[in-house]
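Quick note, the sequences are listed as chains G and A, same order. Here our numbering is used: the first residue of the first sequence is 2, the next is one more, and so on. Here our numbering is used: the first residue of the second sequence is 389, the next is one more, and so on.
Among these hints, one or two may not hold up.
[Said to hold, decoys possible] BS3-like, lysine-lysine: derived pairs with alpha carbons at most 25 Å apart: (1) 730(A) x 482(G); (2) 161(G) x 558(A); (3) 749(A) x 783(A); (4) 481(G) x 783(A); (5) 405(A) x 430(G); (6) 405(A) x 343(G); (7) 705(A) x 481(G); (8) 783(A) x 205(G); (9) 480(G) x 582(A); (10) 37(G) x 749(A); (11) 563(A) x 584(A); (12) 288(G) x 558(A); (13) 817(A) x 783(A); (14) 226(G) x 416(A); (15) 364(G) x 343(G); (16) 783(A) x 558(A); (17) 223(G) x 584(A); (18) 257(G) x 416(A); (19) 364(G) x 558(A); (20) 480(G) x 584(A); (21) 190(G) x 416(A); (22) 288(G) x 156(G); (23) 582(A) x 563(A); (24) 563(A) x 161(G); (25) 416(A) x 200(G); (26) 257(G) x 303(G); (27) 303(G) x 705(A); (28) 416(A) x 288(G); (29) 481(G) x 405(A); (30) 482(G) x 666(A); (31) 672(A) x 467(G); (32) 672(A) x 482(G).
[Claimed, not checked] Covered stretches of chain A (in silico footprint by chain G; criterion: 3 or more residues with CB under 8 Å from a CB of chain G, positions within the stretch not fixed): (33) 586-592; (34) 702-710.
The hints are simulated quantities; they were obtained by calculation from the structure and are not laboratory data. Virtual Cβ for every residue (Gly too), placed ideally from N, Cα, C.
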Amino acid sequence: MRYHQAVHEVPTLFESCERPTSREKFDPTLGGMLPKDVVRSELDIPDLPERDVIKHFINLSQMNFGVDNGMYPLGSCTMKYNPKICDDIVSWPSVADIHPLQDISTIQGALRLMHELEKMLCEVGGVDAVTLQPAAGAAGEFTGVHIVRAYHEAKGETRKEIVLPDTAHGTNPASAAMVGYDVLDLPSKDGCVDVEALKAAISKDTAAFMLTNPNTLGLFEKNVKEIAGILHDAGALLYYDGANLNAIMGKTSPGKMDFDIVHFNLHKTFATPHGGGGPGAGPVGVKKRLEEFLPVPRIIEKNGIYSLDSDRPRSIGKVRAFFGNYAVLVRAYAYIKMLGGKGLVSASENAVLNSNYLKERLKGDFELPYAELRKHEFVLSGAALKKKGLRTVDFAKRLLDYGFHAPTVYFPLIVDEAIMIEPTESESKETLDRFVEACEAILKEEPKLLHDAPVNTARRRLDEAKAARDMIFSWRAYKKKTEQGSRPS
Amino acid sequence: MPLSECSLEMLQQMKLKSVDELFADIPKDVRIDGLRLPDGLSEIDLRRELESMMSANRPASSMPNFLGAGIYNHFIPAAVRTIVSRSEFITSYTPYQPEISQGMLQSLFEYQSFMAELTAMDVVNSSMYDASTALGEAVLMSHRISGGDRFLLSRAVSPEKKIVARTYAKGADIKLEEVAFDPATGLVDLNDLKSKMTETVSGFYFETPNFFGPIETRWEEIRRIVGAKTLVIGVNPMALALLRPPGEMGADIVIGDAQVFGTPMNLGGPTIGVFGCKQEHVRKMPGRIIGMTNDLEGRTSYCMTLQTREQHIRRSKATSNICTNEALLAVAAAAYLAIVGKSGLREIARRNVENMRSLSKRIGSIKGFKAPHFEAAHFNEFVVSSDHSPEKIHKELLRNGVQGGLQLASAFPELRHSSLYCTTEMHSKADHDKLVSALEAVR
Chain G
2 MRYHQAVHEV PTLFESCERP TSREKFDPTL GGMLPKDVVR SELDIPDLPE
52 RDVIKHFINL SQMNFGVDNG MYPLGSCTMK YNPKICDDIV SWPSVADIHP
102 LQDISTIQGA LRLMHELEKM LCEVGGVDAV TLQPAAGAAG EFTGVHIVRA
152 YHEAKGETRK EIVLPDTAHG TNPASAAMVG YDVLDLPSKD GCVDVEALKA
202 AISKDTAAFM LTNPNTLGLF EKNVKEIAGI LHDAGALLYY DGANLNAIMG
252 KTSPGKMDFD IVHFNLHKTF ATPHGGGGPG AGPVGVKKRL EEFLPVPRII
302 EKNGIYSLDS DRPRSIGKVR AFFGNYAVLV RAYAYIKMLG GKGLVSASEN
352 AVLNSNYLKE RLKGDFELPY AELRKHEFVL SGAALKKKGL RTVDFAKRLL
402 DYGFHAPTVY FPLIVDEAIM IEPTESESKE TLDRFVEACE AILKEEPKLL
452 HDAPVNTARR RLDEAKAARD MIFSWRAYKK KTEQGSRPS
Chain A
389 MPLSECSLEM LQQMKLKSVD ELFADIPKDV RIDGLRLPDG LSEIDLRREL
439 ESMMSANRPA SSMPNFLGAG IYNHFIPAAV RTIVSRSEFI TSYTPYQPEI
489 SQGMLQSLFE YQSFMAELTA MDVVNSSMYD ASTALGEAVL MSHRISGGDR
539 FLLSRAVSPE KKIVARTYAK GADIKLEEVA FDPATGLVDL NDLKSKMTET
589 VSGFYFETPN FFGPIETRWE EIRRIVGAKT LVIGVNPMAL ALLRPPGEMG
639 ADIVIGDAQV FGTPMNLGGP TIGVFGCKQE HVRKMPGRII GMTNDLEGRT
689 SYCMTLQTRE QHIRRSKATS NICTNEALLA VAAAAYLAIV GKSGLREIAR
739 RNVENMRSLS KRIGSIKGFK APHFEAAHFN EFVVSSDHSP EKIHKELLRN
789 GVQGGLQLAS AFPELRHSSL YCTTEMHSKA DHDKLVSALE AVR
């Protein structure tokens, strides 16, 4: 066990020593330029030396674990390596210092890039048109479900329900509900869609079925064509959650599987860095008959000149201001250009190879519910740990001590004590072997070591109940609480 | 592409002949044979190709740009880039494992702290996508707080925000209605607000400074008229260096965009939606919230909290579907505010106000121009009206290498002779001179 994360005591910026500043009382009206009744009296933010601010954040960064630190097998999150050239490009003034409302003759490069990215995503997704506007995967779902609603309304139908398998990501039901739909959960059979149950569940009230393929267990839904037929015969649409697209590029496509609407997670499949929780980008692709519903504006190309079309009466409107997360789009564009068609196929092949290799090596150590062959990820059950008085969470926390980020745990919900592992194509065999060795070593350890884990990270386990109870979400709140005399222990 | 030796070794260990066997579960009728995309480029070729493509853009450094309208060109200290360039921040995921993610969690807590102080709100979450989606979520949250199937918003709001808010409102079958602005001051028309503020309304949204630049003065009367319903106030966080915070105006919810703190314009994205509320509403709030706690050894620590509001727990009953947000930009905002500090922030804000006053005065003294169009105090944006058509002015400016203000005609027919200008600390006197002489030359 060689890993040890840096441990710094970093007081918040609000507790740090301030630099000397003018003692002159500040006049927020700026000598009468602003009326007295609209200005503030207090502003409690610190004045710090730049040197100390850099030290503060660099030390904090050392207490954070990213893909660049080590393996990050977080299932369904596709934590692959992020090529550095992509970050470099978005720092160019010609890329970063442009305003969305500039005369379009002065942003032709940006429009061209986005137009070409749309076409590339059409090819990968097997769809006819793509919007780049949604800011994240969930925003893509929100967009897609709005398109579902607009499609049915245009036909004069009000369908009330969206059907989902019980393996679905939590964002799926949340997005459906936000667009005004009731959600019907469909129990799976052998980890996949139960086609008979689906037939029974579909009615004239069904607006769409949302599906991830391969699903969150890493299983390919072989009956997808039949599923599409069932939905289409009922006048409903089939929605593809693109969280797991990294498994199938160039092997199949959502369009080929007869999905009508697809979202892409550029921060997963197309290697844009996740930034500790964003920015992401969640473009949405559709088949021809749904193109008229896409958000405005659409980027139009004519003889090499790019323009914007907002005159689309059936459009769902907009889901985000301006063009979406453009700097993320630029990174994804650069990634696709650098890998090329063959490189993307190879990425999927290696992602699936790595996943199956890991699964083969770990299935003797853990229970592997459902079928054998997986795509880019697989889900083990940590249920056997219970015999030792342990749970999946203890195993996950102990992995941190070995210098591996934990897998996704307790999801999907249909696997008891789930451990969801997605190695991605980025990791070498050597790293995968070390991961297996770590897992096997942990299983042989005294339960107490797992209970007490992690010990090599910047912090030990947290009292999360206290966080919810104390509700200290800011320095202001902390100060208020301490001033009231009930200093949080 | 041929497999590497290690890959072949893995296949052998699995007793497989080729990687194709791993895709045997994909039925033939849905197979495709590769992708029709060009072969990959080397880093040097990619750079060359993109440099050429992007040379068709005209960045602010090559053309003075007077656009604002939600996206602002502010100075970004080099130290901010140093901080947000750290791999450990950039390449991490949402901090699901807090023990190994304290760096991101504490930075986000500090972002929340800065924004809570600037807005004087009890809680600010760790970010939404942008201001427009934050407004959409605020409409939904107002409905959760106050019921009602109508939501009022000031007409003096960006068309981009309105159209996005409408998409969010549609899902919940909430009707959005506009409240007029006073044609002289650009501020909320209180009589119109009063007449529309009925029992079926969930809340009201106004901005200060609003889309046209005027700073609202009658916030007490607005709060009184809104009564027990939800009051949502939109802010420019940069202006809060000087202006009365919405928490002191009785806001239930505050939204805005913190792109002004350390994030480039990026053609409008990514930016960072600010979302704050009163403590009593926190369980109805969307988005991730970071809370302070202790670890086993009693050390101060941070983690995501109140997650039972969120989609991965509550699914269709969640307060929002939001998952990925704009965390790295929140780190940038915290880093920016720490670097410039209180005095730096006030100084930047002062320069914005001074630039606005000096530029509007100069434009207003050109024959045939009026600036600012509205009689009110402004921060860094103002409407210019003119006898010349805004379209013609825009073309003349562009010909002279200046990006003028946003023409208001299409979204606001009543302001068809007007454009919205913005000036920040980024503009030099030479930039102002260039704009003014180009405007003087318009015939």
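Please write out, lowest number first, the hints stated earlier that are contradicted by the structure. 4, 7, 8, 9, 15, 16, 17, 19, 20, 26, 27, 29 and 33
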